[in-house]
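Asks: The residues making up each chain are set out below.
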Amino acid sequence: MVEVHDGPPMDGFSVPLRLHNLLLALAGRIDDSALTEARELIARAHIDEAVELTTGTLIAGRITVSSAEQRELALVLEMSRSDATLANDLLVDEAELVFTHRFTGENAPEFGIAEALDRTLQVLPDVRSVHAVWRNTPAGSVPGALPQRVVLVELGPEGNPPAVAFRVDTALRRAGIHSVVEVSGPGVARSEYHQAAASAASPAWVTGSAPSTASYRSEPVKPSIPASPEPVVESGSRHSMRSTATAEPVAPVVPIVSPPPPPPSPPPVEPRKPRSETRAERTADLSPAEVAQLRQALAEDPEKGREIAAGKPSMQEVVELPALDLDDPSLSERDRALLRELHAELAERERAEAAKMRLNGASRSGGEQRGWTAP
Amino acid sequence: MDPDIEQSTHELLLRLAGRLPDQLLWRFRDWLGEGAMGTLARTLPRSLLKHRIDLDQTEYRLLVAGLIPHGADWHQVSSTLGVDDVTENRYTFTSSAPEWVNSVDSVSVLIHATLRGRPDVGEVRQSWRHVGVVGQGTAKRVLLVTALSSLPRLTGELQRVLRVLGDEEPSVEVIPPRFDLPGYHRAALADSELVCVGAVAGTRLLAA
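The listed protein sequences derive, respectively, from chains D and P.
Take 0 as the starting number for the first sequence in numbering that gives the first Met the number 0 and just add one per residue.
Take 0 as the starting number for the second sequence in numbering that gives the first Met the number 0 and just add one per residue.
Calculated directly from the structure, the hints in this document are not laboratory data.
Careful, some of the hints might be misleading.
Facing chain D, a subset of chain P residues (Cβ under 8 Å, in silico) [stated by the list, open to error]:
| id | residue |
| --- | --- |
| 1 | Arg117 |
| 2 | Arg162 |
| 3 | Val163 |
Over 10 Å on every C-beta distance to chain P, these chain D residues come out as not near it, computed from the model [stated by the list, open to error]:
| id | residue |
| --- | --- |
| 4 | Ala44 |
| 5 | Arg70 |
| 6 | Phe102 |
| 7 | Ser201 |
Chain P is faced by these chain D residues, among others (derived, beta-carbon under 7 Å) [as the list claims (entries may be wrong)]:
| id | residue |
| --- | --- |
| 8 | Glu39 |
| 9 | Gly55 |
| 10 | Ile58 |
| 11 | Met78 |
| 12 | Leu85 |
| 13 | Asp92 |
| 14 | Glu93 |
| 15 | Gly139 |
| 16 | Ala144 |
Every residue, glycine too, gets a C-beta built ideally from N, C-alpha and C.
Starting from the given sequences, assemble the full structure and let the hints guide the process.
Replies: Structure (structure tokens):
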């Protein structure tokens, strides 16, 4: 359970976003119907109805909240001109509560989601990734059918979480995909529920520059993670409510949509010499300025970005992949994730090209064989 | 909870079937079943006003009797009393299950297993509600149960069962004896099938 109040201060958030973040904290504790309906009400500017539904569901279900959550609900009730005394009926319990849910990524929870969201993801700004997972445990006092598909959407700073939650849910329902949609933006710590879900989730759609489920970690990622071509997925990570509350919030995600415009003249550092370097060398040795440029290119056109990183190599180029320099202190965590992804991409290309060479040779010999045997 | 207050609110929520959106109605009934009267008092009158649902005099009296003692806003409650006649039922009902319910209707089977011979429960029937022309659009199951006591709790219990079985916004009408049935329930009963009978034999649901 995330502690939205003892973590990052909520004062800077708008009322809809405060309630959205409260709902994130209540995911897995109240029923999925209430979550979905409340999010739709927020998106439709019916904040009062959304907070009344949320508070009423907690009261009637005798679902305990912390005193900080009670205060936040009372505040949102007040700010949405509802009856703030409703919050007095909430059951407050400061004891450490553990809501353990079981998630599984088996049986293709992501099936059909990318297709169903095709148009939605083209239109909505700054959606970074969509993951899906099955939840095998009931939520709230009036749970729905199980297993419940949970769709986890990761947004950048340009995205609006309540709006995206509603639109994604609508698109999935239209496609006959029943789910509860959890949308996380930057600057809010991930709850234990969301971390557990993310650790088992399968990617349904990921942008070229988006980090994978690793971005759901609530604590800042240590800079000395082992170099691995694949994103690290933490399995079975469990954080109690209190430990989450004391953990530092996730560092705000570096905006990739609107970075500062690249300088009009070529950067003075390290003039590009595509033919004199291998792709991997260029990838590993990118300067921070080039990384920024690359991020922008990836955001606009992932393929173009990869070409920049690869220096448009020729097929005949001999490539040796050096170890990734992930300990470079000038690189941010996002840069490192980006470099790992590019490194993996290059390695994959190398494997594909090598396999293609072998296959071409084999098919040629096969063709010759057929030529020999066929009359 | 005062049984009269509880009974008043239950009857009011019965009469709102087919008028208040399903997703609100089942939730309010769940809250009543859990005894969250203060919550209902603060939310139900506002919902009626927001959804432009006018009450007739009988319903208005039920609202006053049920929710004013629990702190409902008098101004809001007063505003719910309408002058024009309440719109009659706009749904059509059929007794046969739609095609998407396969030959084994597990919901019926479970309701039968739960309510057959149960104390204080009479007849249990079900009907399928359609919007507009039958066969176009989706059909919704409406469960019609007669019971002598603990009506809100029985409603909540059956709603939870139906939700677990996949009906997100269950329509469970638990009707007290000698209840003047609204048009919605009369129409549903007229095209319904028997699921089972509880321990209270002779408590029949008859469309007027």
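Asks: Now look at each hint and say whether the structure bears it out.
Replies: Now the hints, each set against the structure:
no.	hint	in the structure
1	Arg117	21 Å, violated
2	Arg162	5 Å, holds
3	Val163	6 Å, holds
4	Ala44	13 Å, holds
5	Arg70	18 Å, holds
6	Phe102	19 Å, holds
7	Ser201	23 Å, holds
8	Glu39	10 Å, violated
9	Gly55	4 Å, holds
10	Ile58	5 Å, holds
11	Met78	16 Å, violated
12	Leu85	5 Å, holds
13	Asp92	18 Å, violated
14	Glu93	22 Å, violated
15	Gly139	10 Å, violated
16	Ala144	4 Å, holds
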